[in-house]
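Novice: Spelled out from the first residue to the last, the chains are:
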Amino acid sequence: MHSASSATAAATERQGLARRRFVNLLLGTGLLASAASFLYPILRYLVPPKLPDLGSDAVLAAKVSEMKPNTAKTFRFGSRPGLLVETAPGEYHAMSATCTHLGCTVQYRSDLHEIWCACHNGMYDLNGRNVSGPPPRPLEVFDVQVRGEDIFVRRRQEA
Amino acid sequence: MASMASSVRSWLDERFHLEDLKALAQKKTVPLHRYSYWYFLGGMTLFLFGVQVITGVLLLLYYRPGADEAFESVQLIMTQVQFGWLIRSIHSWSANLLVFMAFAHLFSVLFLKSYRKPRELTWVSGVFLLFLMLGFGFSGYLLPWNTLSYFATKVGTEIPAQIPIVGRPILLFLRGGEEITGSTLTRMFGLHIAILPAIATFLIVLHLGMIQWFGMSVPPGIEADWGATPNRRREIRFFPNFVLRELMAWYVALGLLGALAALFPWTLGVKADLFAPAPAGIKPEWYFLFMFQTLKLIPAKILGLDGEVLGIIAFGLVGAIALLLPFLDRGNSSSSRRWVAGMACLFLGYMVAMTVYGWVAK
Chain A
175 MHSASSATAA ATERQGLARR RFVNLLLGTG LLASAASFLY PILRYLVPPK
225 LPDLGSDAVL AAKVSEMKPN TAKTFRFGSR PGLLVETAPG EYHAMSATCT
275 HLGCTVQYRS DLHEIWCACH NGMYDLNGRN VSGPPPRPLE VFDVQVRGED
325 IFVRRRQEA
Chain B
298 MASMASSVRS WLDERFHLED LKALAQKKTV PLHRYSYWYF LGGMTLFLFG
348 VQVITGVLLL LYYRPGADEA FESVQLIMTQ VQFGWLIRSI HSWSANLLVF
398 MAFAHLFSVL FLKSYRKPRE LTWVSGVFLL FLMLGFGFSG YLLPWNTLSY
448 FATKVGTEIP AQIPIVGRPI LLFLRGGEEI TGSTLTRMFG LHIAILPAIA
498 TFLIVLHLGM IQWFGMSVPP GIEADWGATP NRRREIRFFP NFVLRELMAW
548 YVALGLLGAL AALFPWTLGV KADLFAPAPA GIKPEWYFLF MFQTLKLIPA
598 KILGLDGEVL GIIAFGLVGA IALLLPFLDR GNSSSSRRWV AGMACLFLGY
648 MVAMTVYGWV AK
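Residue numbers (the numbering used here), protein chains in the order written: chain A, 175 to 333; chain B, 298 to 659.
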């Protein structure tokens, strides 16, 4: 302060302005920081929590008795649908029922022996390979295990 | 950058005449005297209402109404959603402070006699808003669907049912049936997030519009003093002086809310069990406590009449008097002024005493 009192009036004013700028900067930074601290929890809150996928990696898809050759059944695999197909020779195929194109649920066409998505006419074969139409990727294929009367479907372990 | 901002402003000004608005804002003033602090309470109530709207909308992202899902969804908010506990605790704390502020605002306006001509309807809309806030508190209380909220709603809906003739239809309307069930929850949810907010928005706009229209009231004593010696009149500009002070208060309030929510997060309780007995020592929220305690103390029969009904009628009467106060107190004499202040003091004392009594009573 004593140096300011000895300075000229213009210098005092300049210093006053600098001090004002400094105080404004301090205030502004404080306000910005607190605004950020108010907004941050809200933004984090908007992100939905990751819930554990319902069910484990293996689900009971169907009973042997309810399946017939050349038919299919949609079952719950976690929170998404899966498709279990019994071919005419009596083999089981299981795969994700979510079309890789835009996420519709696919169905088994017993007349074509193929898997069909009604939304945009996508076609998959029984191994889930995309054979025609818009789907960009094959369907995820699951392993099938028959234990007695129960047909279990499990996600393929990555090697 | 600056030229772009000014060209946008002139574009808008050309169409909406913003300069008029600016002139209006610059003309608005707030009287400055020793009671000026009380002018902040209304704004504070408004701010807390804003906090309720924002946190309420956020809670809607995860809350699910329904007897099977409500408790679980609140549990999800409290345990799984990031900062969900904070949002819900702020909603609960802010609700309580909002009711407190609304009461404080009402009594300050009452003691400063701001309800007198020409501001009668501003007062009436304000009292309606207070009732509405109590309705928000009551309807929101059931939403977590825990034991406390279940019994509070049970008792709370039973009270109007005591009124002769119209009581039962009111109970059925509030509960959506004979008992508190999922249907009650749906009703309270709809009330809490749609109907009450719609009415509140309308009333707040009306309330603020009238305050803008009439300007700030000056208490009679100060007004007389200023009339006698005009050079004592002091005013500050609403914009930016008063607004900045109010913003500062809001900022502090927000910090306080955050601290309260972090240090004393709201509990979730136990999921409502419709067949479990009421837990011992069950009490309503503090702002209903004075009525609750009164109804507990009233004898079953007074002069052959049902004590409960008399109590409810008495509170209804107090509500009606509060609503119509500007029309009941039309005298401008100092004796009528003292009379109203005395009655208000008496009732305020009664409220505080009964609340404390209800708080400590087993």
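In short, the hints are calculated from the structure, not lab data.
Nothing here was measured: the structure is a model prediction, and the numbers come from that model.
Just so you know, not all the hints are guaranteed correct.
Said to hold, decoys possible - Derived EDC-like pairs (lysine to aspartate or glutamate); straight-line CA-CA distance at most 20 Å: (1) B/LYS580 - B/GLU455; (2) A/LYS224 - B/GLU316; (3) A/LYS224 - B/GLU543; (4) B/LYS325 - B/GLU543; (5) A/LYS242 - A/ASP317.
As the list claims (entries may be wrong) - Some chain B residues flagged as far from chain A (calculated, every beta-carbon gap over 12 Å): (6) GLN377; (7) PHE380; (8) VAL637.
C-beta: ideal position from N, C-alpha, C; glycine also.
Novice: Taking the numbered hints from earlier one at a time, note which ones the structure violates and give those numbers from smallest to largest.
Specialist: 2, 3, 6 and 7
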